[in-house]
Every structure is written in structure tokens, then in C-alpha cells.
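Asks: Residue numbers (the numbering used here), protein chains in the order written: chain E, 1 to 129; chain B, 1 to 134; chain R, 1 to 102; chain C, 1 to 109.
Hints in this document: simulated from the structure, not taken from any laboratory. No residue lacks a Cβ here, since even glycine has one placed at the ideal position from N, Cα and C. Treat each hint with caution, since some may be false.
[Stated by the list, open to error] Listed next, the in silico SDA-like pairs over lysine to any residue satisfying Cα-Cα at most 20 Å (straight line):
#: 1; chain 1: C; residue 1: 76; chain 2: B; residue 2: 108
#: 2; chain 1: B; residue 1: 21; chain 2: C; residue 2: 76
#: 3; chain 1: B; residue 1: 77; chain 2: B; residue 2: 106
#: 4; chain 1: B; residue 1: 57; chain 2: C; residue 2: 83
#: 5; chain 1: C; residue 1: 76; chain 2: B; residue 2: 106
#: 6; chain 1: C; residue 1: 76; chain 2: B; residue 2: 103
#: 7; chain 1: B; residue 1: 65; chain 2: C; residue 2: 21
#: 8; chain 1: C; residue 1: 104; chain 2: E; residue 2: 1
#: 9; chain 1: B; residue 1: 65; chain 2: C; residue 2: 57
#: 10; chain 1: C; residue 1: 94; chain 2: E; residue 2: 60
[Stated by the list, open to error] Label-pair distances were calculated between CB atoms; the ranges are:
#: 11; chain 1: B; residue 1: 17; chain 2: E; residue 2: 58; range: 20 to 28 Å
#: 12; chain 1: E; residue 1: 63; chain 2: B; residue 2: 114; range: 39 to 47 Å
#: 13; chain 1: E; residue 1: 54; chain 2: R; residue 2: 64; range: 20 to 28 Å
#: 14; chain 1: B; residue 1: 59; chain 2: C; residue 2: 14; range: 29 to 37 Å
#: 15; chain 1: C; residue 1: 75; chain 2: E; residue 2: 29; range: 56 to 64 Å
#: 16; chain 1: E; residue 1: 105; chain 2: B; residue 2: 108; range: 48 to 56 Å
Now for the letters of each chain:
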Amino acid sequence: MQFAILINSDPNQSPAVRSALKFTRAALEAGHTIQRVFFYQGAVTTASDMLLPPQNEEKVGELWSELAEKYKLELVVCIAAAQRRGVWSEAEAGRLGYKAHNLRADYTISGLGQLIEASVESDRLVSFG
Amino acid sequence: MATKKIMYINRVTPHSGLTAKESLDVVLIGAAFEQDVALAFIDDGVYQLLKDQQPEKTGSRHVAKSFAALGDYDVRKIYVEQESLDERGLSEADLVDLRHENPEDDYRDTASIRLISREKLARLFGRQDVLFNF
Amino acid sequence: MAILHTINQSPDTGNQLLACVSRALPDSAIILYEDGVYAALDKIAARPNIELQKLDCKLYAVRDDCEARGLQQAALSKMVKLIDYPEFVELVTQYDVVQAWS
Amino acid sequence: MLEVNGRVYPTDEEGYLENISDWSEAIAEAMAAADDIKLSEAHWDILRFLREYYHEYEIAPAVRVLTKAVGRRLGKDKGNSKYLYNLFPDGPGKQACRYAGLPKPTGCV
């Protein structure tokens with residue numbers, strides 16, 4: 001079966017990003033496919049490369065990267081939500097004249113259409129947070 | 001692209017953060033995909049539709065105003081749960097009047113809001129292909 | 001068309017569980033995860049308004065989330081079956097649509 | 001930034017006005033002139049329509065919605081994309097919303 005995953009909550013405010021990771025990993029290990037993982041609302045900060053949790057805390061954004069590399073997952077961050085919360089790709093930052101950018105490798109920034117498309121083209125939408 | 005039944009369920013108050021606005025953004029962008037779309041307002045979500053809101057007093061966005069444009073976006077089914085209104089002492093007269101041109105009735109100007117009982121709406125949830133909750 | 005409900009909030013933090021319980025149909029199932037697992041405590045599950053024992057639908061709670069929060073299986077309602085993520089995934093495939101209460 | 005009659009108005013990097021209340025007809029004319037467009041009465045019909053639409057709904061409509069709404073309110077001869085693209089060759093959604101002082105249309109991202 002093919003799943004679309006939607007995550008809505010800030011990783012510092014809610015375990016949703018981590019629960020979604022566990023679900024996605026279990027789905028892939030059971031032989032299912034993931035159409036796309038879409039980060040919306042507060043969850044977009046998962047994709048920031050400039051978060052520095054203390055050394056004894058896991059970086060959940062990095063865990064997603066590892067899973068994405070292993071299974072060639074598409075991790076998509078909503079552009080409108082990301083701009084509101086300070087997550088920028090190099091291209092978007094350059095286009096709008098910002099000097100800094102912080103989008104992690106393995107993530108792409110795109111529009112909400114990607115969420116709708118994923119939910120229409122997969123068998124189940126599973127939302128977290 | 002296949003056509004699916006998509007329902008957006010709104011359950012939060014309109015002025016406590018970005019959720020109501022970010023939910024509406026999904027609906028507006030989703031409208032371009034020509035799916036079978038419905039909105040549902042339940043629990044505190046019914047406050048989003050109250051008329052005479054003045055969000056400029058607190059600097060928040062006027063989602064109730066924007067809902068009035070949903071007809072232009074071909075979003076015609078807007079369900080409001082009767083019990084959620086009752087529990088808050090509200091009635092349909094307290095809500096914004098949302099309208100669309102009904103393609104099945106010679107594009108006659110038609111009210112978009114449909115009051116529905118909790119039980120019927122719960123059954124309707126089960127008849128959707130995709131549920132978005134905000 | 002059967003619904004799989006997911007609940008991730010403690011019943012005393014938000015009203016997700018109440019919202020779900022008042023609308024859950026007999027052929028549906030509820031998964032409690034994250035803080036939602038507190039509702040699996042026997043005492044809370046039996047509270048008036050919640051009364052999970054009166055629901056006809058199946059009830060599940062994610063084991064890791066219970067154990068992380070120190071909830072002992074003996075303290076949980078007998079109605080609730082503990083599951084791991086692979087079973088969570090399996091349940092999603094068995095139901096027609098997921099209602100992730102927010 | 002946009003300078004009109006000696007006053008400077010903040011815009012975002014794509015040229016949309018940052019404060020919708022800064023808008024004036026002179027600003028629309030200056031934006032159009034920068035694109036080598038002289039605003040005709042036909043352009044103004046659309047720009048006024050967009051201002052009213054935004055005032056009513058707080059939404060800068062996507063082009064598909066704009067086309068339909070114009071057709072309904074200003075007549076079918078104007079509510080088609082050929083007519084609107086003739087007036088606003090960079091895209092009636094984006095370009096007309098910008099001249100009208102609105103934010104970037106919802107549905108463009």
C-alpha cells in the first residue's frame with residue numbers, strides 16, 4: 001500500500017515528528033511505499049540545519065534524513081509555512097535577497113499542491129500532530 | 001489524476017494562532033486539483049464562521065471573510081454540526097452567509113452552509129477518501 | 001467505510017478524546033498514542049463522558065508511548081490492546097480512512 | 001522598494017507592496033510603466049475589481065478564480081484568460097494583483 005504522511009507540529013512542542021518517523025519506518029520495513037512526507041505548520045522547523053539541541057538530545061531532522069537516504073524518500077517542506085517560520089533553501093533565500101539559508105540536505109521546499117497531490121495519489125493519508 | 005472525496009475538518013478557534021488560516025490555505029490550493037471537496041466545522045471550529053468578527057482589533061487574519069470566496073473556488077459543501085452550535089448557544093443566524101452558484105441548478109445562487117447532525121456527519125466522515133484535521 | 005481514529009492528546013489537555021468518542025461508530029477503531037495513551041488508564045477510561053468500556057469500537061494504545069510514560073499494563077483498561085508501530089501500520093491498511101484528531 | 005513622486009514605498013523582492021494601504025493609482029501606473037504598459041480603462045476595471053475583491057474576502061485570487069469572478073461580475077467577454085492575458089501578459093493573477101497593491105495571489109505557491 002502507498003501512504004502519504006503529513007506532519008503538523010513543531011518538533012520542540014510535540015512528539016509528532018518522531019511518531020511519524022516511527023510509523024514511516026515501520027511501513028517501509030513492512031514493504032509499503034511512502035508517496036511523500038509533507039512537513040506543514042510548525043513541523044517545518046524539522047528541516048532547519050541551524051538547530052542546535054544539547055549533545056545528549058537526538059536531532060530528529062537528521063533521523064529523517066537518514067531514513068530518506070536509505071529509502072529514497074521525498075521530504076517536502078511547505079514553502080508558505082517555512083517562510084513564516086524562518087526555514088529557507090539557498091534558492092529561495094537568494095531569490096528574495098536573504099543572506100542566510102538553513103534547509104537541510106535531503107529536504108525540498110515546495111507548495112501545498114504537493115500535499116494535495118500526495119493525498120490524492122496515495123491509498124491513505126496519515127497525519128501526525 | 002483520480003477524483004477523491006476530501007473533507008477538511010475544522011475544530012479550532014479562529015484567533016489563537018495560524019491553524020485556521022493554514023487550514024484555509026490547504027483548501028484554497030487544493031481547489032485547483034478539482035477534487036470532490038467538503039468542509040466541516042465542528043466543536044470550537046464553528047466559531048470560525050461567526051459573523052461580525054473584527055480581527056483587526058487584535059491583528060489576526062479574517063478567515064470568516066475569506067470563507068465567502070470559497071464559492072469562487074468551487075468549494076460548495078460546507079457542513080456545520082448542529083450539536084456544536086447548540087452546545088454554544090449559537091444558531092445558523094449567527095454565522096456568515098456563504099453562497100455559491102450551483103452548476104446543477106442553472107448556476108442559481110445557493111447557500112453553501114448545510115447544518116448536519118453529529119451522527120450524520122460522523123457517517124459522512126467514513127464516506128471520505130481523505131480527512132484533513134486542523 | 002470504517003474509520004481509524006488516532007488520538008495523541010491527554011483527555012485532560014484537550015478534548016480530542018471526547019470529540020472522538022461522541023462521534024465514533026461501532027465499526028471504527030481508536031488508536032491512542034503519544035499523550036493519548038493516558039486515556040488507557042483504567043480509571044480514566046471509565047470516567048463518565050469517556051466510558052471507553054461502553055464503546056463498541058476496538059481500542060489500541062501504542063506500547064512504546066505507554067512504557068515511556070511509566071504506565072504499567074496492569075493499570076490499563078482491559079478494553080485496550082497494546083500495539084507496536086508495525087501493528088499501527090497494519091491497522092491503517094485495514095481501515096478505509098484515518099481520522100487523526102487534532 | 002518603489003519610488004513614486006519622490007516617496008519611497010517598501011515592496012517585497014518580487015515587487016509586491018508591503019503595505020496594502022500605501023496603494024494609490026500613481027503607484028499602479030509606476031509599476032505598469034516599469035513593465036512598459038500604459039494602463040487603459042480596461043486595465044483599471046480589473047485593478048478596481050481586484051481591490052474590491054480583496055477588501056471583501058482578504059484573498060488575492062489565483063488566476064483561475066479571478067477569471068471566473070471577473071466573468072461573473074464584469075461580463076463573460078472579460079472573464080476569459082485570453083482577454084486577461086492580453087492586458088496582463090506576465091499572468092493576470094500575479095501581475096494584476098501586484099499593480100492593485102495586493103499580496104501575491106493565494107494559489108501561486
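Asks: Hints the structure violates: just list their numbers, smallest first.
Replies: As far as the earlier hints go, 2, 4, 8, 10, 14 are violated by this structure, in ascending order.
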